[in-house]
Amino acid sequence: MAMATSTFSPRPATLRTPRPHSHPHLRLVPSPRLRLRRLARAAGEAPVEVAPPEQRETEPSPAVASNGTASKAATTAVKAEAVPAPVPSFRDARWVNGTWDLTKFEKGGVVDWDAVIDAEARRRKWLEDYPEATNTDEAVIFDTSIIPWWAWMKRFHLPEAEKLNGRAAMVGFFMAYFVDSLTGVGLVDQMGNFFCKTLLLVAVAAVLLIRKNEDLDNLKNIIDETTFYDKQWQATWQDEATGGPKN
Amino acid sequence: MTSLSSAVALPSSCRARPAGSSRRARMVVTRAAASSPKLPNGRRLRVAVVGGGPAGGAAAEALAKGGVDTVLIERKMDNCKPCGGAIPLCMVSEFDLPLDLVDRKVRKMKMISPSNVAVDIGRTLAPHEYIGMVRREVLDAYLRSRAQTAGAEVVNGLFLRYEAPKEPNGSYVVHYNHYDSSSNGKVGGEKRSFEVDAIVGADGANSRVAKDMGAGDYEYAIAFQERVKIPDDKMAYYEERAEMYVGDDVSPDFYGWVFPKCDHVAVGTGTVTHKADIKKFQAATRLRAKDKIEGGKIIRVEAHPIPEHPRPKRVSGRVTLVGDAAGYVTKCSGEGIYFAAKSGQMCAEAIVAGSANGTRMVEESDLRKYLAEFDRLYWPTYKVLDILQKVFYRSNAAREAFVEMCADDYVQKMTFDSYLYKRVVPGNPLDDIKLAVNTIGSLVRATALRREMEKVTL
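In order, the protein sequence lines correspond to chains A and B.
Yeah, the first sequence ends on 247 if you go by our numbering, and it's all consecutive.
Yeah, the second sequence ends on 1458 if you go by our numbering, and it's all consecutive.
These aren't lab readings, by the way, just hints derived from the structure by calculation.
Just so it is clear, the structure is predicted and the values come from calculations on it, not from any experiment.
Ideal Cβ positions, reconstructed from N, Cα and C, are used throughout, including at glycine.
Check the hints yourself; a few may be wrong.
Simulated restraints, written as ranges between beta carbons of each label pair [as the list claims (entries may be wrong)]:
{"no.": "1", "chain 1": "B", "residue 1": "P1429", "chain 2": "A", "residue 2": "N193", "range": "38 to 46 Å"}
{"no.": "2", "chain 1": "A", "residue 1": "D230", "chain 2": "B", "residue 2": "C1262", "range": "36 to 44 Å"}
{"no.": "3", "chain 1": "B", "residue 1": "P1168", "chain 2": "A", "residue 2": "I223", "range": "27 to 35 Å"}
{"no.": "4", "chain 1": "B", "residue 1": "K1455", "chain 2": "A", "residue 2": "V110", "range": "22 to 30 Å"}
Next comes chain B alone, as it looks inside the complex (with noise of 0.2 Å):
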């Protein structure tokens, strides 16, 4: 009995064997990283970082801070990616991240059901708790300088394809195509290549890493946002407020959403199964928030596409991925920056251990460390979005009883606690049955009206 329990409380990575990843767990035991030998004298460990968003700059830093020779590259400097940009608050203090980066505080969700039962998420919110909204190209050229204060040297240069090397321990070469600063990319950049010891992908949805390294693919959605420029007076409602709208109208399976930014709002929509009618859902989704974005003035077209599983094979000798480019993006909220960044920063932290702060070389043991960490803790929080949006998501009765739900202050205190601080906090047992059992009852209401719908004609 004692031995178990002492065995429990051991990190993971020594021997504790977690529910449900007991052979990953395993896995990564039978190879540990101390017999990788030592790099010759003065060399430090050299990593080439792929793409310089959150999980990108969140690896740099990380990287950079525990003396490993980090060269970040980035093509595009000012890329602001089409995203809603919402952080959780426990990002700020993660990542020690300055209050001016996060352009609006949400305190209120506005979540709007086809027959326009609207619902107030964040009654149960402390004074101090919001939903941070961050531009994301103030964000990630904000974790970009920290990376490049800490020592890593940022390239402007558009990643090509990188040459594995032939022989054990030997070096990674990675192609890029380099850019000066001064043309802006204008003329087509000059090629050039360095030797690495590994290199971290965080490349994205489209990422170039995963495809050299043989990643597999996944299935994405495509998200579409339009960034509005509102008169004051209409953009004074959304100064607190986001709106999420669920319907068959706005999206089959996932929602239409109207975030604030600094001085405008994004309206935007995503779908995975109908990507060709992704406009049409736009239309709803216009058509839903109608004279409350009335008369506003389109800055800015964007759509991107986003992961929804991880790919099949996420690490592969020393490459190894990170944020999206990995697919580390939830279902159901469709959020990934922190999990971006923290995957990144996870990454990071176990070459940095495996290396022993860049003095050795590193394995792809030590890289599955990162991920049996990073499965360990996030897993949980991914199935249940999951089935969420299995659940929920399915047909306009489904979105009815959800919404019908997530009136109820119990799911609203959970929820933001799972979402501010990402993580599960078992509630009160007697609350989860009266929750479960409210909502079958609001699943079966919805599907009984639904059925009565049918047979309306109007």
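Extracted from the complex, chain A is given alone in its bound form (with noise of 0.2 Å):
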């Protein structure tokens, strides 16, 4: 299947052929708390979350192959000689008339909503690699607001937030030791000072803002870029203000 796959595809070059040894789905999460917490939860309450012959149906499959929208695809291709290969079109069992089945995403009774952020998280992909398979025939109904809030925040806040809750309780330790240290202040005097005060401020500040390195020179080029396009505006005033009257 995987061969007959990229024989037929568009561009075979750029097509990563699957690994059918490789479970497709733990790559997805590589964070090892998110993993164990998700396997411990499939197995207690279903055997497979998604099954693998799915994931493969996403792979770029010959319009030959489908029916429907497809087969108008390959009537087109076969007229313009200039096209070899039909369009590829985005395939997976759950997507239905342009929006996710949640039906199909249903387990022990309500929506594994991290399942629905893996597959549209994987149709994106998809088709950023295949932009030709975009059709403004098929429209797209699947509207990301409908995933509940607290499925993101459980997804991409809570392993982020440990983090920041332990860089922010190691920062203020060492704070507190230092300055306990130079001023001989205790921890329980501190509390009430108001400079400590100012100093769990900045730092709660600081972790909210710097995660990484990188965020350094973001917030910097922010800066920059906000005030740029004023200043480019500004020229044509600054240049009077310092030559003064001409004629």
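Take the two lone chains and join them into the complex the hints point to.
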């Protein structure tokens, strides 16, 4: 199957051949914590989260092998001689009429939003690799806002939150330690101290804003960027201020 | 309190100090035009308008109507500039354009995100509202002919350079290559020169006037466009529709477009940051439109620079710049025709007013009035679009959020109101807050998905 797909596909050079042995699902979540949780849940509620054949179906399949809109694409391709390969089209059993069929994501009566996020990320990634598959006839009605906020929170903020909390705690501890060792003011007394409260606020803000080293540069760039256009427009008037009247 | 409100009610050219431009306003007030000497009896103010696009045409017409001796120099009378050719509704009424100039009335704007989410912008349009699509060669020729009717002299020539006067209130000498309409520019042309009192540079992105006056450079985007003649059945789809494609494949910092023209479509894209890859982006745009333009015949290929911001200097002595030469193209939408024509008109009006209908000499301060007025009127529009571009054209994730946002009726209404009528209408504060929250939500979700996509291997 995998071989057949790659020979039919329009851009064999860029096509990444699927590795049959790897479990694509686990690679999506490198965080060991999440993986553990996920595995535990999968074991408790359902034996397999997503059937592997479905994953393979998202590979670019030749339009000839599919039905519906793709066969239309095949006929147009026959008409235009210049295009040898048919237009690939995104296929997934759970993708129905331009949206994810949420009933197929149900697990134990509730929708598994993590799987929906996975599926959507995969679809977007696939479309980025095959932009020619975008088609205005097949309107996408899936809206990411139908995924509830707590599903995003759980998935994207919680792992971060732990790191941030840990970082803030470490910074706080060492700050308290240094303040104590330098001034002799104990931890309890520091709580009532204005200077120490300010330090606390600065630390929290810094931990939130500077999560990675690159964030420092990013912040600087944003400040530059916001004023850049203003400067370009003001240039005419700056000149007047320094040059004075000419004629 | 009363004195304050009365000061605000005055036009900005007198005493009002609009927010954010207080310094400019003061600058203008310090030197009044009334001091300028009267021209010798019988002689009218002479102005050369270099370039016959919308800016030049509008400027020449307004100048001629105001009693100024106007010469318009244009090299290519049938020049069709690579240009989307979209004009807002208010331009039709403000410039009194005949409706047959408008080839197409676009009422549906489709915006397509990298993940194939397509949004039809234009649901909120009233029946009489539309975005007009014009062919530049037609619009430019029309505006020029109107200038000619108003009394401006239209010369087929290539502007070479100008000489600044040695003494104050002296004449500028304009040198140009004169082409006879019969030889049609095949021969080298004949070198000629004439004297003028002021020069309006409307000669586009590669402005020679700007170079001569030392206006400085601007960052520019390159726009590439193919005009494709497609079969009638495919053209029917584009009857009232224009398409905008966003995505890293199409352009890293702009959008790809399919705009309907009179009997064909214009397919193009633009970029500032990756100019060398423009061919690749164009191929990607074609690929996205795919079977909608399949089998089309390319009848013309065009490329052109588009300014990103105004030149550092837009006026020097009695020489000033308008339109693309000055750099009046918005970010985000890349719109410039309306602003070009408007700046030309405003500049001409300032000259007419400063010269008391062509009877007095003009001064730099008169030209600066046009700049102050233009900046006051349109600076907020430019700034908002700049912010939009910076926030939403940043990455595919941001573009997804942008398209998601555009599905909202409130956003569409606000966008079209500001586009069609060129005025920033304050919205409902509650809706604004809702919009802000939704926008942040969209951005966060799209960014989160983006991070997930980076981990996916297909």
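ask   = Do the Cβ positions of B/P1429 and A/N193 conform to the proposed distance bound of 38 to 46 Å?
value = Between B/P1429 and A/N193, where Cβ atoms are some 41 Å apart, the hint holds.
query = That 22 to 30 Å hint for B/K1455 and A/V110 (C-beta), does it hold up?
reply = holds (24 Å)
request  = Given the range 36 to 44 Å, decide if the beta-carbon distance of A/D230 to B/C1262 lies inside it.
outcome  = At roughly 40 Å between Cβ atoms, B/C1262 and A/D230 fall inside 36 to 44 Å, so the hint holds.
message = Tell me if the beta carbons of B/P1168 and A/I223 are separated by a distance inside 27 to 35 Å.
response = Since B/P1168 and A/I223 have Cβ atoms about 44 Å apart, the given range 27 to 35 Å is violated.
Hint 3 from the earlier list is the only one contradicted by this structure; the remaining hints agree with it.
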